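Enquirer: For chain A, the structure is supplied; the task is to place chain B with the ligands on it using the hints.
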Amino acid sequence: MTERYVVAIDQGTTSTRCIVFDRRGQLVSLAQQEHKQYYPRPGWVEHDAAEIWRNVERLGPEALRRAGATIDQVAAVGIANQRETTVLWDRATGNPVGHAVVWQDTRTDTMVGQLDAAPGAEGVRHRSALPLATYFSGPRIRWMLDHHPGLRERAERGEVLFGTMETWLIWNLTGGLHVTDVTNASRTLLLDVHTLDWSAESLAFFGIPRAMLPEVRPSIGVFGTATAAFPGVRIGAALGDQQAALFGQTCFAPGEAKCTYGTGSFLLLNTGAELVRSTHGLLSTVAYQIEGEPAAYALEGSIAITGSLVQWFRDQLELIASAPEIETLARTVTDNGGCYIVPAFSGLYAPYWRSEARGVIVGLTSYITKGHLARAVLEASAWQTREVVDAMNADSGLALKTLRVDGGMTSDNLLMQFVADVLDVPVVRPLAAETVSLGAAYGAGLAVGYWPDLEGLRQNWHRAGQWLPTMEPAKRESEYANWQRAVSRTFDWIQA
Amino acid sequence: MPGTVQSIERAAAVLRLLAGGNGRLSLGEIARSLDLAKGTTHGILRTLRKVGFVEQDRLSGHYQLGAAMLRLGTGYLDVNELRSRSINWADPLASRSGEAVRIGTVLDGQVLVVHHVFRPDDTFQTLDVGSLLPMHATALGKSLLAYGAAPPASLDRFTSRTIGTQRELAQALRLVRENGWSCDIEELTPGEASVAAPIRAYGGLVVGAIGISGHVERLCDSRYHPLPHLVATVRDAARAVSRDLGAARR
Ligand SMILES: Nc1ncnc2c1ncn2[C@@H]1O[C@H](COP(=O)(O)OP(=O)(O)OP(=O)(O)O)[C@@H](O)[C@H]1O
Ligand SMILES: [Mg+2]
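Residue numbers (this note's numbering), protein chains in the order written: chain A, 1 to 496; chain B, 1 to 250.
One chain only, chain A, in its complex shape:
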């Protein structure tokens, strides 16, 4: 019998990966390509959606070639994607309208400020279970409709379509299917998270025509059959990357949580069939929905800048040549020397939601070396995790007992040890660093019967590494107090 595989597409913020997985959920091959980041103005971040599609078209066959597999050995393909990034395109030609506006982009801040105070905002917040923030897609659609002459009329006639990245990819993979999944839809501010469909009131509030929106589907279930990149293969799942990582970590039961360390970091706690509203600055979001079953929800602590602070240290300050060298540099000193970096580059997300905040480096003295700065960079990721964990504990009334982690930064031992130290709980890495892709593969495999059930997938989860807390409680408390004072220095920087 020839081996069969499931392929995942992980369309991320900095790169796109195609990964081939086997029945044990192990990586067989990987093909990866970065795409260009456009920063046309301060606070603006854009991608070229056409470039991203070309990458997927090339990486799919490349990953299969590296696995030594043929297309008929692929049981299904699953998609995980950067969330909230907004693409508009012409229905007739398939050409994108301008660049895609990326989730980190803050161009809508003034508009969001006005909308937040407008009548009807409370209803939007209630139906979407989200705060009004520049982070989400809805305001971006409105911005694009306002700034491209004639676009609104064309959108009303259904000639211009909206999608997040998975919608754009499925459109291209299938040659014209216009669909999204509930997890991505739950990040637009336009979805009613109870009915799991677009809210007419929210659409009216933002002035967005219904005709341009995709159909909302469950995350796990056959969306259609690909005609490009993977011709003849069924698309079995689409999930936002963070929800995919939750699924890949097999956090299927209420109370199970993970944190993914990539460009930003995202702590998600499965809350089951119940939508829990945070009173401590977290978001409520759809975790996943299997076709024919009710949706599972999650509480989310979103941190905008973690890995991208390391990237900034590498590319803008040029103090290291590669991201992992931050650990080497940080180990040249034994502590942060009193220095703290709060990377509020796009304001602060959870639990503060302060769009007017900007980054600071505090505690500078002549004593500080680049080694101390490297420590401060890594520690910032850990302290930001501590803040969202505290919020989650407060919301759920339960204390987190261990933290499951994944993503590129988990290869950093110094960072993982520091996370364990500041949380005072064990930090555990599973036997699959590419958990985002694994989650998409799991979903797609379930949809086509490649894997029978969730319980079987749980058997694949194994502990690959663990870091135990060793920090003295007094030190933890004083360092946390310093961090929080540093955070308070970022507030109110941008003045209206």
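FYI, nobody ran anything at the bench for these hints, they're computed from the structure.
Some clues are possibly wrong.
Some, not all, of what chain B presents toward chain A, calculated at C-beta under 7 Å [unchecked claim]: (1) L59; (2) N80; (3) E81; (4) R83; (5) S84; (6) I87; (7) N88; (8) D91; (9) P92; (10) V129; (11) S131; (12) Y147; (13) A150.
If you anchor each label on the Cβ, the simulated ranges turn out as follows [unchecked claim]: (14) G120(A) with Q125(B): 32 to 42 Å; (15) E51(A) with H42(B): 18 to 28 Å; (16) Q64(B) with G175(A): 42 to 52 Å; (17) Q56(B) with D90(A): 36 to 46 Å; (18) K36(A) with E217(B): 52 to 62 Å; (19) T225(A) with L34(B): 21 to 31 Å; (20) L27(B) with L319(A): 25 to 35 Å; (21) Q64(B) with K36(A): 56 to 66 Å.
Small disclaimer: the values here were computed from a predicted structure and weren't measured.
C-beta atoms are modelled at their ideal positions from N, C-alpha and C, and glycine is treated no differently.
Expert: Just chain B with the ligands now, kept in the frame of chain A:
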């Protein structure tokens, strides 16, 4: 001059030019100075850039000597980068073999453990990244020794099976080079065995080793030979990491 490689001569000339010049040079300046075609010069610069001997300024596009040139002889691949680049292949190796995985590199005549994946049975285990192992008594160490690492001065004995003489060691390393993989059978700890293979970067340079370790009954047959399918799995993982690090396919 018979037996010399022209492109290497030209590359050496480029490096001398950059080392002697004042600051950064453009492609055109380099090509003109050496009387080479721009296309040829660009190919040489691209290769030198890939191996880190030359860096290109992001804004001006001008070239200068790379940091790796200054660090020649001190090991060029950062250990944390080696871990980061191999993590995706170490996990499947642990899953397929059912054993713990370690990646090692040379540090002062010993094996420095740079990455460790637990045996995937969810029992309590402790990360030993950063610990040091003896070169001559571990599969990781033998893979490193066989391909250029300086041999240890003294061969400490850990068990009755530990290699005790330089002659024995030389013979064992010859076998490693012949096979392309290494093993230790109860040479460090009674009841324990390990199997490893070299990790290569560009040009075939060995920069580390990846291997599994566990109970000798699980890793070996009744004649104390490592099981062929485990050896194949280890070698596949080593090749996958090597390919990602830029080694040619073999
Ligand atoms: N050893 C390391 N120490 C610290 N940071 C690291 C290390 N290795 C990688 N990173 C950081 O991790 C990030 C890459 O992780 P990962 O590959 O999971 O992100 P990503 O999937 O590319 O993100 P996205 O999906 O948003 O594109 C980069 O921002 C990089 O700076
Ligand atoms: Mg990612």
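Enquirer: Could you run down the list of hints and mark each one as holding or not?
Expert: Structure-based check of each hint:
no., hint, in the structure
1, L59, "12 Å, violated"
2, N80, "4 Å, holds"
3, E81, "4 Å, holds"
4, R83, "5 Å, holds"
5, S84, "4 Å, holds"
6, I87, "5 Å, holds"
7, N88, "6 Å, holds"
8, D91, "5 Å, holds"
9, P92, "4 Å, holds"
10, V129, "5 Å, holds"
11, S131, "12 Å, violated"
12, Y147, "23 Å, violated"
13, A150, "23 Å, violated"
14, G120(A) with Q125(B): 32 to 42 Å, "55 Å, violated"
15, E51(A) with H42(B): 18 to 28 Å, "24 Å, holds"
16, Q64(B) with G175(A): 42 to 52 Å, "49 Å, holds"
17, Q56(B) with D90(A): 36 to 46 Å, "38 Å, holds"
18, K36(A) with E217(B): 52 to 62 Å, "54 Å, holds"
19, T225(A) with L34(B): 21 to 31 Å, "56 Å, violated"
20, L27(B) with L319(A): 25 to 35 Å, "27 Å, holds"
21, Q64(B) with K36(A): 56 to 66 Å, "25 Å, violated"
Taken one by one, the earlier hints fail for this structure at numbers 1, 11, 12, 13, 14, 19, 21, listed in ascending order.
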